[in-house]
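Novice: Generate the whole structure from the sequences, applying the supplied hints.
Using the working numbering, read the sequence shown as starting at 1 and increasing by one per residue.
Be careful, since some hints might not be right.
[Stated by the list, open to error] Simulated restraints, written as ranges between beta carbons of each label pair:
no.: 1; residue 1: Ala132; residue 2: Ala154; range: 27 to 33 Å
no.: 2; residue 1: Asp10; residue 2: Ser95; range: 34 to 40 Å
no.: 3; residue 1: Ala132; residue 2: Thr30; range: 28 to 34 Å
no.: 4; residue 1: Ala103; residue 2: Val40; range: 30 to 36 Å
no.: 5; residue 1: Ser95; residue 2: Val45; range: 16 to 22 Å
Keep in mind that the hints were calculated from the coordinates and are not lab data.
Virtual Cβ for every residue (Gly too), placed ideally from N, Cα, C.
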Amino acid sequence: MDRRTPPDRDAIDVVIEQWQRERPDLDLSTMGVFGRLVEVSRAWVPVIEKALAQHGLRSGEFDVLAALRRAGPPYTLIPSELAAMLMMSRAGTTSRLDRLEAAGLVARTLDPADRRSFQVALTDKGRELVDAAATDHAAALVPLLSPLTVSERAQLDTLLRSLMGEVRPTKTRAGRRRDESDGGLESSPRG
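Specialist: Next comes the structure, spelled out in structure tokens:
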């Protein structure tokens, strides 16, 4: 494996040094980590978007299709389950479902267990599309971590999992997340 040696200094180091000079009273010990996380995300987001665009999908649409695919046969969920899997609001989920249903990638039917609700099912066309997109999605991410050894990847994964446990949005008393963003997990590198 061709391992690149990281530079002794990068743009994040320069920013930290400038802040240290101007505001020595600040605790800047975390700034480098978060600055580099932002830079890494700026690298992988366009890679994922390009891989999904080849299949006519945006990341949010892929997130929905992938959640249904991962649910296993019959690839069906109720909207509340889908919203929970995507960590987003039901309203945000509904707008994505509208687009995917219009494209023939999902179908909504009344839930036989509760006729006040409905089920969302992945169509055959949707399953074929998400399988192809998932293959390209996974392949596109491999080069981004190629500078790391298998052991380093595992260590990074463990550290980020720990961090996520602390920063993940929590539910308020009203049952809503403090941060109800429109972003899902599938468009992240984990896919």
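Novice: Which hint numbers doesn't this structure obey?
Specialist: 3
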